[in-house]
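Chains as they are written, first to last, in UniProt numbering: chain E, 1 to 277; chain R, 1 to 277; chain X, 1 to 277; chain G, 1 to 277.
Accuracy of the hints is not assured; some may be wrong.
In silico DSS-like cross-links for lysine-lysine, where the CA-CA straight-line distance does not exceed 25 angstroms [stated by the list, open to error]:
#1 Lys271(R) x Lys200(G)
#2 Lys266(E) x Lys14(R)
#3 Lys62(R) x Lys22(E)
#4 Lys266(R) x Lys14(E)
#5 Lys79(R) x Lys14(E)
#6 Lys65(G) x Lys14(X)
#7 Lys65(E) x Lys14(R)
#8 Lys22(R) x Lys62(E)
#9 Lys266(R) x Lys44(E)
#10 Lys266(E) x Lys266(R)
#11 Lys200(G) x Lys65(X)
One-sided excerpt, in silico: chain G residues whose CB lies under 7 angstroms from chain E [as the list claims (entries may be wrong)]:
#12 Ser92
#13 Asp104
#14 Lys127
Partial list, computed: chain X residues near chain E (C-beta under 8 angstroms) [to be verified]:
#15 Tyr37
#16 Ala192
#17 Lys208
#18 Ile209
#19 Pro225
#20 Phe228
#21 Gln229
#22 Ser237
#23 Tyr238
#24 Asn272
#25 Val275
It should be emphasised that the hints constitute simulated quantities derived from the structure, not laboratory data. Computed from a predicted structure; not experimentally measured. Even glycine gets a Cβ: it sits at the ideal position worked out from N, Cα and C.
There are 4 protein chains.
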Amino acid sequence: MKEYILLIDTTDDKGLVYNISKVLYANNLNIEQNSEYVDPDTLKFFMRTVITGDIKKDILLKELKEVLPLNSTIKLNEKQNKDVVILATKESHVLGDLLIRYFDGELNANIKAVIANHEHLRDLVEKFDIPFYCVSAEGLSREEHEDKMIEKINEFEPELIVLAKYMRILTSKFVNTYPKRVLNIHHSFLPAFIGANPYKQAYERGVKIIGATAHYVTDDLDEGPIIFQDVVRVDHSYSWQEMRNAGRNVEKIVLYNAFQLLLDDKVFVYKNKTVIL
Amino acid sequence: MKEYILLIDTTDDKGLVYNISKVLYANNLNIEQNSEYVDPDTLKFFMRTVITGDIKKDILLKELKEVLPLNSTIKLNEKQNKDVVILATKESHVLGDLLIRYFDGELNANIKAVIANHEHLRDLVEKFDIPFYCVSAEGLSREEHEDKMIEKINEFEPELIVLAKYMRILTSKFVNTYPKRVLNIHHSFLPAFIGANPYKQAYERGVKIIGATAHYVTDDLDEGPIIFQDVVRVDHSYSWQEMRNAGRNVEKIVLYNAFQLLLDDKVFVYKNKTVIL
Amino acid sequence: MKEYILLIDTTDDKGLVYNISKVLYANNLNIEQNSEYVDPDTLKFFMRTVITGDIKKDILLKELKEVLPLNSTIKLNEKQNKDVVILATKESHVLGDLLIRYFDGELNANIKAVIANHEHLRDLVEKFDIPFYCVSAEGLSREEHEDKMIEKINEFEPELIVLAKYMRILTSKFVNTYPKRVLNIHHSFLPAFIGANPYKQAYERGVKIIGATAHYVTDDLDEGPIIFQDVVRVDHSYSWQEMRNAGRNVEKIVLYNAFQLLLDDKVFVYKNKTVIL
Amino acid sequence: MKEYILLIDTTDDKGLVYNISKVLYANNLNIEQNSEYVDPDTLKFFMRTVITGDIKKDILLKELKEVLPLNSTIKLNEKQNKDVVILATKESHVLGDLLIRYFDGELNANIKAVIANHEHLRDLVEKFDIPFYCVSAEGLSREEHEDKMIEKINEFEPELIVLAKYMRILTSKFVNTYPKRVLNIHHSFLPAFIGANPYKQAYERGVKIIGATAHYVTDDLDEGPIIFQDVVRVDHSYSWQEMRNAGRNVEKIVLYNAFQLLLDDKVFVYKNKTVIL
Numbered sequence: 001m002k003e004y005i006l007l008i009d010t011t012d013d014k015g016l017v018y019n020i021s022k023v024l025y026a027n028n029l030n031i032e033q034n035s036e037y038v039d040p041d042t043l044k045f046f047m048r049t050v051i052t053g054d055i056k057k058d059i060l061l062k063e064l065k066e067v068l069p070l071n072s073t074i075k076l077n078e079k080q081n082k083d084v085v086i087l088a089t090k091e092s093h094v095l096g097d098l099l100i101r102y103f104d105g106e107l108n109a110n111i112k113a114v115i116a117n118h119e120h121l122r123d124l125v126e127k128f129d130i131p132f133y134c135v136s137a138e139g140l141s142r143e144e145h146e147d148k149m150i151e152k153i154n155e156f157e158p159e160l161i162v163l164a165k166y167m168r169i170l171t172s173k174f175v176n177t178y179p180k181r182v183l184n185i186h187h188s189f190l191p192a193f194i195g196a197n198p199y200k201q202a203y204e205r206g207v208k209i210i211g212a213t214a215h216y217v218t219d220d221l222d223e224g225p226i227i228f229q230d231v232v233r234v235d236h237s238y239s240w241q242e243m244r245n246a247g248r249n250v251e252k253i254v255l256y257n258a259f260q261l262l263l264d265d266k267v268f269v270y271k272n273k274t275v276i277l
Numbered sequence: 001m002k003e004y005i006l007l008i009d010t011t012d013d014k015g016l017v018y019n020i021s022k023v024l025y026a027n028n029l030n031i032e033q034n035s036e037y038v039d040p041d042t043l044k045f046f047m048r049t050v051i052t053g054d055i056k057k058d059i060l061l062k063e064l065k066e067v068l069p070l071n072s073t074i075k076l077n078e079k080q081n082k083d084v085v086i087l088a089t090k091e092s093h094v095l096g097d098l099l100i101r102y103f104d105g106e107l108n109a110n111i112k113a114v115i116a117n118h119e120h121l122r123d124l125v126e127k128f129d130i131p132f133y134c135v136s137a138e139g140l141s142r143e144e145h146e147d148k149m150i151e152k153i154n155e156f157e158p159e160l161i162v163l164a165k166y167m168r169i170l171t172s173k174f175v176n177t178y179p180k181r182v183l184n185i186h187h188s189f190l191p192a193f194i195g196a197n198p199y200k201q202a203y204e205r206g207v208k209i210i211g212a213t214a215h216y217v218t219d220d221l222d223e224g225p226i227i228f229q230d231v232v233r234v235d236h237s238y239s240w241q242e243m244r245n246a247g248r249n250v251e252k253i254v255l256y257n258a259f260q261l262l263l264d265d266k267v268f269v270y271k272n273k274t275v276i277l
Numbered sequence: 001m002k003e004y005i006l007l008i009d010t011t012d013d014k015g016l017v018y019n020i021s022k023v024l025y026a027n028n029l030n031i032e033q034n035s036e037y038v039d040p041d042t043l044k045f046f047m048r049t050v051i052t053g054d055i056k057k058d059i060l061l062k063e064l065k066e067v068l069p070l071n072s073t074i075k076l077n078e079k080q081n082k083d084v085v086i087l088a089t090k091e092s093h094v095l096g097d098l099l100i101r102y103f104d105g106e107l108n109a110n111i112k113a114v115i116a117n118h119e120h121l122r123d124l125v126e127k128f129d130i131p132f133y134c135v136s137a138e139g140l141s142r143e144e145h146e147d148k149m150i151e152k153i154n155e156f157e158p159e160l161i162v163l164a165k166y167m168r169i170l171t172s173k174f175v176n177t178y179p180k181r182v183l184n185i186h187h188s189f190l191p192a193f194i195g196a197n198p199y200k201q202a203y204e205r206g207v208k209i210i211g212a213t214a215h216y217v218t219d220d221l222d223e224g225p226i227i228f229q230d231v232v233r234v235d236h237s238y239s240w241q242e243m244r245n246a247g248r249n250v251e252k253i254v255l256y257n258a259f260q261l262l263l264d265d266k267v268f269v270y271k272n273k274t275v276i277l
Numbered sequence: 001m002k003e004y005i006l007l008i009d010t011t012d013d014k015g016l017v018y019n020i021s022k023v024l025y026a027n028n029l030n031i032e033q034n035s036e037y038v039d040p041d042t043l044k045f046f047m048r049t050v051i052t053g054d055i056k057k058d059i060l061l062k063e064l065k066e067v068l069p070l071n072s073t074i075k076l077n078e079k080q081n082k083d084v085v086i087l088a089t090k091e092s093h094v095l096g097d098l099l100i101r102y103f104d105g106e107l108n109a110n111i112k113a114v115i116a117n118h119e120h121l122r123d124l125v126e127k128f129d130i131p132f133y134c135v136s137a138e139g140l141s142r143e144e145h146e147d148k149m150i151e152k153i154n155e156f157e158p159e160l161i162v163l164a165k166y167m168r169i170l171t172s173k174f175v176n177t178y179p180k181r182v183l184n185i186h187h188s189f190l191p192a193f194i195g196a197n198p199y200k201q202a203y204e205r206g207v208k209i210i211g212a213t214a215h216y217v218t219d220d221l222d223e224g225p226i227i228f229q230d231v232v233r234v235d236h237s238y239s240w241q242e243m244r245n246a247g248r249n250v251e252k253i254v255l256y257n258a259f260q261l262l263l264d265d266k267v268f269v270y271k272n273k274t275v276i277l
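Based on the sequences and whatever the hints tell you, model everything.
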């Protein structure tokens, strides 16, 4: 029997759960898993429900809409792999980790293509029989290059775009073309060491722990909603290059974990934060 | 406004959430937080709901009982400190950590008494103006001693009993007198190193990580449902005594975390496992 | 037989280890443990050696001085508890944790006194039969208050001063009175969230991990050499107060670990970093 | 200038460091890094020294031999990639992780070949232009199969053999053919859950943390000296398959870390333990 994930994002109100579960019950659906969260500051209500049964999607959405506040966001996703496009540049460690996990069946995703602004990663990607496209920025303005990127990305109609060390700064236009759909890995334990070469900064500062952060991309560089973070211990004997290498291992794990959360429809965004249910 | 925690443990069935939320709604109560879990193997349904409102406890329980399967367990606890009795023997590290946290207001508990089978810890406990009782096992059979312990414990009608390195083996009688109410800290990463002197065992085995485990006490020594575990890295330079010292820090943290979960009514037990919502 | 810890901090040079070990050998001393580190950037050489034997301290130091570069720092500490003074203000969690560990024999220290700028913690400290002094800042300039603090501190000739949530900003004069001898706990994962109310900052930013940092106090507020750091996971359901509570547990562990490293003479400082051997 | 790693494993004695460093000094060599450890129980002395200079290997070894006890083990390895053969069966996750790291230049190794007892992994391995050999056990006795494995392995004269989920039990003959040269990853936090399907065991037991262990292979199945371990949190919502998936991520990380330690000549073995310097 098919599994669906119902995602509701609305304003808290008495009887919400009752009204929602009433509709599910009337439609003869079973709740396999359910979690709710109400943010006490904003009184925003978030609900993620895994349901099974013979679902008539349009009817269900219509009936839910009727019992929910006007400003509600209601999503009903069948539990299935999401179409994804990965963007990269030259670095292979994060991309390679995703590809090998994909090969291994670890990702609930269909990687439709890898698009890079350099040729370096073509061999790696093609090993895995995944289409690779190079959209060079050579001699193009940022806007011109992005238009070509967007055009290429849209060919694959991805639900998610994963930046696997894509080293170009994105314009508002790009970001707003894919709201809440672009996942990035930042090579530092945000908000520490924002900006260039965080590992060198970390080395100079003599920190004992370094980390990485996966976040949604927004107009604010390195300031998007944080989805997942992890850290690793380092010590005085690490050169900044060794810190970078240690950090790369964290980057892989952090991006992988955040990616899975998105693929499983577990992440809500509000204000500049995430709720993970 | 008072907060209550509703705990439901029953068999999964279509419409459960609907029927429960219907009753809450009809009683004009608000759901602040809610999580459910259905165990796919046993089809057991667990629900923890934080509700606010003007609650008529008997009516609410009666109405919930009417809409739930016969075998259901329904608890409705006002959110308030629980009465606790701590049992100890001679070791002070875990007890001391609890006492200083209690002094600091970190525990949602009323520590009614500390009862030990030796005098060693009297000074420590009395520093914190908590009643200390020594029930010596001197010249008593295990059963005789336990009867005296039970008698003393019952004077304080505790909801929870915490074994803070209480080094006596408990009989079935004792365990069954307080079902799902006795919390123990085991000084190893169960199920590794069951039995005596786990740190010496760990040292001999040359492990690189040691841990501790907090679990409910059952008839099966060291085999009760696990509530919380944590670990710490060690290396070749640790003597077994140093491993023990490192382990003691984990024991404190693990017992504290498990204790908080119980105080917050977040732990369900089924089969020999815990569900934490 | 007495154990000594030999600490050498000098410029790297061929034959250093040979010359040092030659002196130790000539003095009929045994090396129990030894680690060296050479910083490749600065060619600074650090060595920590645990030696046993019948030591004539002056002779040994004289002979070592003869074989080492002029700019060398040579320390020879008998392995024994260090005299410590703790400074505090009103918060009890870090202080309480230190006191209970001290009571439990976990610290290789003699806590000579706790000095605070308020009376709040007197009861707690006196429970443990440790002298408590309140040096109020009431109506005093920062300099006047610090002079009184320094006067009181010096009565106890401490080797180390531990700031257990001492909430006063220290002047250069104070810092320079006790170079590399003042340990502080900062309630954030430095360099993230420098400044006031880091937990509120962390909450606003929606981070998934928070931490704490123990560092030497220098003129640069929150910028001293980092000794130890640790972190804990948090999620969207944490209010900033709950983040603070989770953070307090990390603060305790971090300060304790850094304190132990100092008590064991394992920390060297160079540039604005620490080498831990 | 070439870097060498000097590894000494002997019985502790006064003047050891002096005598060793004297030889190094006389040979005009520089000590870049040095750590020693003396096991207090056995009085075994372990030393790892990174040296640079113009080394005449035979002379140096001869002179060191002269100043060290007879039973000493002295190794002098040039810092360079080690030749490695990987054994596998059908599972791709650990092998794939090693291959992608190898591709990415993370491993100080030359992977000469992957040898498996099934054909399943040929495609994966050959993507990376690494020779793949299938030595089927079809219709062979354990001894016959191992003889063919040994024959194939020896073609590549590997310094290290890595078992990347090689699911065959090894005989004493095999183990003794490659003493202290066979690295295995065990899919549990040893010594917990020894034997078949540890994840199912862990699930049944309801543990809150699972782990993995990398160890040298000895005659004692799952009992060899432990090199590295790590863990990950799980909870009641994990099926045993989900625990296995979570565990696979730990297996990768643990094997990678242990492998690096061996490649960097940082691991000594004594009794059934490892010293890591």
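Status of the hints after comparison with the structure:
Simply put, Lys271(R) and Lys200(G) have alpha-carbon atoms about 15 angstroms apart, close enough for the 25 angstroms limit, and the pair holds. Distance check on the hinted pair: Lys266(E) and Lys14(R) sit about 23 angstroms apart at the alpha-carbon level, within 25 angstroms; holds. Using a Cα cut-off of 25 angstroms, the hinted pair Lys62(R) and Lys22(E) holds, with the two alpha carbons roughly 21 angstroms apart. For the hint linking Lys266(R) to Lys14(E), the alpha-carbon distance of about 23 angstroms falls within 25 angstroms, and the restraint holds.
A hinted pair counts as satisfied when its Cα atoms are at most 25 angstroms apart, and Lys79(R) with Lys14(E) qualifies at roughly 20 angstroms. Proximity of Lys65(G) to Lys14(X) is assessed by CA-CA distance (about 22 angstroms); at most 25 angstroms being required, the pair is judged to hold. For the proposed pair Lys65(E) and Lys14(R), the alpha carbon gap of about 22 angstroms is at most 25 angstroms, so the pair holds. For the hint pairing Lys22(R) with Lys62(E), the CA-to-CA distance comes to about 21 angstroms; that is within 25 angstroms, so the pair holds.
Under the criterion of a C-alpha separation no larger than 25 angstroms, the hint pairing Lys266(R) with Lys44(E) is consistent with the structure, at around 23 angstroms. Straight-line distance between C-alpha atoms of Lys266(E) and Lys266(R) comes to about 21 angstroms, which keeps the hinted pair within the 25 angstroms bound. Of the pairs offered as hints, the one joining Lys200(G) and Lys65(X) is violated, with about 63 angstroms between alpha carbons and a cut-off of 25 angstroms exceeded. Contact between Ser92(G) and chain E, as hinted, is supported at the beta carbon level, the nearest pair being about 5 angstroms apart and thus within 7 angstroms.
Interface hint status for Asp104(G): upheld, as the beta-carbon distance to the closest one in chain E is roughly 5 angstroms, under 7 angstroms. With its C-beta approaching chain E no nearer than about 4 angstroms, Lys127(G) sits inside the 7 angstroms limit, and its interface hint holds. This hint holds: Tyr37(X) has a C-beta 6 angstroms from the nearest C-beta of chain E, less than the 8 angstroms allowed. The restraint placing Ala192(X) at the interface with chain E holds, with a minimum CB-CB distance near 4 angstroms, inside the 8 angstroms limit.
The criterion of a C-beta within 8 angstroms of any C-beta in chain E is met by Lys208(X), whose closest approach is roughly 5 angstroms, and the hint holds. Because the closest C-beta pair between Ile209(X) and chain E is about 5 angstroms apart, less than 8 angstroms, the hint holds. For the restraint placing Pro225(X) at the interface with chain E, the shortest Cβ-Cβ distance is roughly 6 angstroms, inside the 8 angstroms limit, so the hint holds. For Phe228(X), the shortest C-beta to C-beta distance to chain E is roughly 6 angstroms, which falls under 8 angstroms, so the interface hint holds.
Because the closest C-beta pair between Gln229(X) and chain E is about 5 angstroms apart, less than 8 angstroms, the hint holds. The interface hint given for Ser237(X) is met, as the beta carbon of that residue sits about 6 angstroms from the closest beta carbon of chain E, less than 8 angstroms. Look at Tyr238(X): its Cβ only gets to about 11 angstroms from chain E, farther than 8 angstroms, so that hint breaks. The criterion of a C-beta within 8 angstroms of any C-beta in chain E is met by Asn272(X), whose closest approach is roughly 6 angstroms, and the hint holds.
Interface hint at Val275(X): satisfied, since its Cβ lies 4 angstroms from the closest Cβ of chain E, which is below the 8 angstroms cut-off.
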